[in-house]
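Protein sequences, first through last, are from chains W and U. Under the numbering used here, residues 8 to 246 are what the first sequence spells out, in order. Under the numbering used here, residues 8 to 246 are what the second sequence spells out, in order.
Don't read these hints as lab results, they were simulated from the structure. Hints may be right or wrong, so weigh each one.
No copy labels: a pair is met if it fits in one copy or bridges any two.
[Said to hold, decoys possible] Each computed DMTMM-like pair below joins lysine to aspartate or glutamate, with the alpha-carbon atoms no more than 20 Å apart: (1) Lys-118 - Asp-173; (2) Lys-101 - Asp-111; (3) Lys-101 - Asp-229; (4) Lys-228 - Asp-76; (5) Lys-177 - Glu-137; (6) Lys-177 - Glu-122; (7) Lys-228 - Glu-77; (8) Lys-101 - Glu-78; (9) Lys-228 - Glu-78; (10) Lys-228 - Glu-74; (11) Lys-228 - Glu-241; (12) Lys-228 - Asp-212; (13) Lys-145 - Asp-212; (14) Lys-167 - Glu-245; (15) Lys-167 - Asp-236; (16) Lys-228 - Glu-245; (17) Lys-101 - Asp-152; (18) Lys-145 - Asp-111.
2 protein chains.
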Amino acid sequence: MDKLNLNQHISQQYNEELEDVRASVLKMGGVVEEQLANAVRALIHCDAVLGRTVVKNDASVNSLEIEIDEECTRIMARRQPAASDLRLIVAVIKTINDLERIGDEVKRVGKMVSEEMDGALDEEIRHELEHMGELVLKMLGQVLDAFARTDVQTSLDVVKADRKVDVKYKSIIRQLMTFMASDATSIPTIMKVLWAARAMERMGDRCQNIAEYVIYLVLGKDVRHGGIDDLMAELAKES
Amino acid sequence: MDKLNLNQHISQQYNEELEDVRASVLKMGGVVEEQLANAVRALIHCDAVLGRTVVKNDASVNSLEIEIDEECTRIMARRQPAASDLRLIVAVIKTINDLERIGDEVKRVGKMVSEEMDGALDEEIRHELEHMGELVLKMLGQVLDAFARTDVQTSLDVVKADRKVDVKYKSIIRQLMTFMASDATSIPTIMKVLWAARAMERMGDRCQNIAEYVIYLVLGKDVRHGGIDDLMAELAKES
Numbered sequence: 008m009d010k011l012n013l014n015q016h017i018s019q020q021y022n023e024e025l026e027d028v029r030a031s032v033l034k035m036g037g038v039v040e041e042q043l044a045n046a047v048r049a050l051i052h053c054d055a056v057l058g059r060t061v062v063k064n065d066a067s068v069n070s071l072e073i074e075i076d077e078e079c080t081r082i083m084a085r086r087q088p089a090a091s092d093l094r095l096i097v098a099v100i101k102t103i104n105d106l107e108r109i110g111d112e113v114k115r116v117g118k119m120v121s122e123e124m125d126g127a128l129d130e131e132i133r134h135e136l137e138h139m140g141e142l143v144l145k146m147l148g149q150v151l152d153a154f155a156r157t158d159v160q161t162s163l164d165v166v167k168a169d170r171k172v173d174v175k176y177k178s179i180i181r182q183l184m185t186f187m188a189s190d191a192t193s194i195p196t197i198m199k200v201l202w203a204a205r206a207m208e209r210m211g212d213r214c215q216n217i218a219e220y221v222i223y224l225v226l227g228k229d230v231r232h233g234g235i236d237d238l239m240a241e242l243a244k245e246s
Numbered sequence: 008m009d010k011l012n013l014n015q016h017i018s019q020q021y022n023e024e025l026e027d028v029r030a031s032v033l034k035m036g037g038v039v040e041e042q043l044a045n046a047v048r049a050l051i052h053c054d055a056v057l058g059r060t061v062v063k064n065d066a067s068v069n070s071l072e073i074e075i076d077e078e079c080t081r082i083m084a085r086r087q088p089a090a091s092d093l094r095l096i097v098a099v100i101k102t103i104n105d106l107e108r109i110g111d112e113v114k115r116v117g118k119m120v121s122e123e124m125d126g127a128l129d130e131e132i133r134h135e136l137e138h139m140g141e142l143v144l145k146m147l148g149q150v151l152d153a154f155a156r157t158d159v160q161t162s163l164d165v166v167k168a169d170r171k172v173d174v175k176y177k178s179i180i181r182q183l184m185t186f187m188a189s190d191a192t193s194i195p196t197i198m199k200v201l202w203a204a205r206a207m208e209r210m211g212d213r214c215q216n217i218a219e220y221v222i223y224l225v226l227g228k229d230v231r232h233g234g235i236d237d238l239m240a241e242l243a244k245e246s
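Please construct the entire structure, taking both the sequences and the accompanying hints into account.
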């Protein structure tokens with residue numbers, strides 16, 4: 008498999024096109040990050056106005072996806088990229104798909120806050136959600152960084168971070184179930200919190216997907232289905 | 008935008024490669040269909056053994072995805088496809104990603120049944136889940152059919168069907184919440200049913216994604232973000 012070799016094209020313009028696509032992905036990622044930060048803030052403070060802003064701004068994430076998608080198709084048709092560039096473009100197409108779906112989950116949280124929350128959350132639950140939100144936000148920042156620097160180690164850190172998110176998620180769900188059992192009138196509110204926690208858990212999964220595309224891009228290894236642990240063990244042995 | 012023009016290549020072998028990829032997608036779709044049918048059956052009958060079979064067989068869905076993905080990259084590198092073939096290949100890459108994720112949701116249902124269900128489900132809930140499972144299974148069959156025949160009208164039917172699934176999902180969630188409120192001891196079991204319903208709802212969303220790729224493939228129109236209603240209105244006017 009040939010090495011990843013960006014910026015080595017005879018055509019300066021082709022280089023620029025590929026660089027532009029990478030920059031657009033990071034821009035899109037930045038918008039999603041901001042959206043997520045706002046959604047978490049809205050959720051924690053039951054801020055319906057901020058929730059509505061998040062819902063409204065999801066449209067810009069969607070248009071960025073369509074824009075980048077079209078640019079990728081144009082480059083493929085015009086430049087007929089060789090193997091390593093092709094891997095980059097395929098990784099971009101997949102990455103923006105996951106970013107857009109993270110955006111959808113963020114929008115879901117925003118919508119929930121804007122329409123359906125009544126009253127403040129229990130203090131304990133609020134702290135847990137806030138912590139989970141911080142973990143996912145950090146993961147998203149990390150995976151964008153991994154993409155920007157096409158860095159395998161950072162990608163693996165993202166995978167590890169997702170395990171933390173999953174643990175946090177399970178603990179929140181357990182707590183929520185206890186709350187529901189002790190007070191049936193709380194069920195409708197708790198259900199909304201539950202969906203918000205689920206949405207954040209899914210965002211973590213999608214960050215992990217992107218990390219796996221970066222690993223594929225750099226190493227040419229498809230680690231999607233259980234290959235991650237092997238790779239971690241391999242790298243640990245080498246170092 | 009150039010017309011979709013399959014089977015028009017000078018190289019017979021290239022034609023065959025594209026046909027093979029399409030056939031592989033349908034094969035993968037068939038495996039996911041079978042998995043889903045089994046998962047729904049396992050859920051309805053609380054059949055832990057069948058649940059475990061579903062979990063085990065998810066690996067074959069995953070390997071099919073990786074295989075087709077690699078084949079697409081190979082074709083792109085070797086054939087440097089022109090615009091309409093490129094659209095097909097990009098549509099395939101996206102479609103198999105969604106099929107694989109449908110497989111993941113199916114596996115989740117299987118896992119739930121294999122590990123955690125205790126006792127039979129309430130009769131009413133069982134009927135509702137069964138009906139929802141049938142709706143999603145029908146959607147999946149329909150969207151594979153739409154892909155096989157690159158057919159816009161069938162794709163639109165899939166989109167319409169997803170709205171039915173969403174309505175059914177909301178009704179199930181409402182019922183489950185009533186159950187939880189009336190009997191706190193039922194909460195752990197109900198929660199599992201709730202995740203299963205959620206998983207099926209997501210499968211429906213992913214079928215809709217695939218339908219949208221087919222529409223893009225045929226019409227070159229990106230209808231992902233709210234363009235579907237416009238397209239339906241347009242086609243209704245024309246006919």
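Evaluation of the provided hints:
1. Lys-118 - Asp-173: between (23 Å within a copy, 17 Å between copies)
2. Lys-101 - Asp-111: Close inside one copy (15 Å) and across copies (17 Å); limit 20 Å.
3. Lys-101 - Asp-229: both (13 Å within a copy, 16 Å between copies)
4. Lys-228 - Asp-76: For Lys-228 and Asp-76, the Cα distance is within 20 Å only across copies (12 Å; inside one copy 23 Å).
5. Lys-177 - Glu-137: within (15 Å within a copy, 27 Å between copies)
6. Lys-177 - Glu-122: So Lys-177 and Glu-122 pass the 20 Å test across copies only (16 Å; inside, 26 Å).
7. Lys-228 - Glu-77: Answer is between; shortest inter-copy Cα gap is 11 Å, intra-copy 26 Å.
8. Lys-101 - Glu-78: both (14 Å within a copy, 16 Å between copies)
9. Lys-228 - Glu-78: Between copies only: 15 Å across, 26 Å inside.
10. Lys-228 - Glu-74: between (28 Å within a copy, 13 Å between copies)
11. Lys-228 - Glu-241: Cα proximity of Lys-228 and Glu-241: one copy only (13 Å, versus 45 Å across).
12. Lys-228 - Asp-212: The answer is within: 19 Å in one copy meets 20 Å, while 29 Å across copies does not.
13. Lys-145 - Asp-212: Within one copy only: 13 Å inside, 28 Å across.
14. Lys-167 - Glu-245: within (19 Å within a copy, 53 Å between copies)
15. Lys-167 - Asp-236: within (10 Å within a copy, 41 Å between copies)
16. Lys-228 - Glu-245: within (17 Å within a copy, 48 Å between copies)
17. Lys-101 - Asp-152: Cα proximity of Lys-101 and Asp-152: one copy only (16 Å, versus 24 Å across).
18. Lys-145 - Asp-111: Classified as within: same-chain Cα gap 18 Å, cross-chain 25 Å, threshold 20 Å.
Checked against the numbered hints given earlier, the structure satisfies every one of them.
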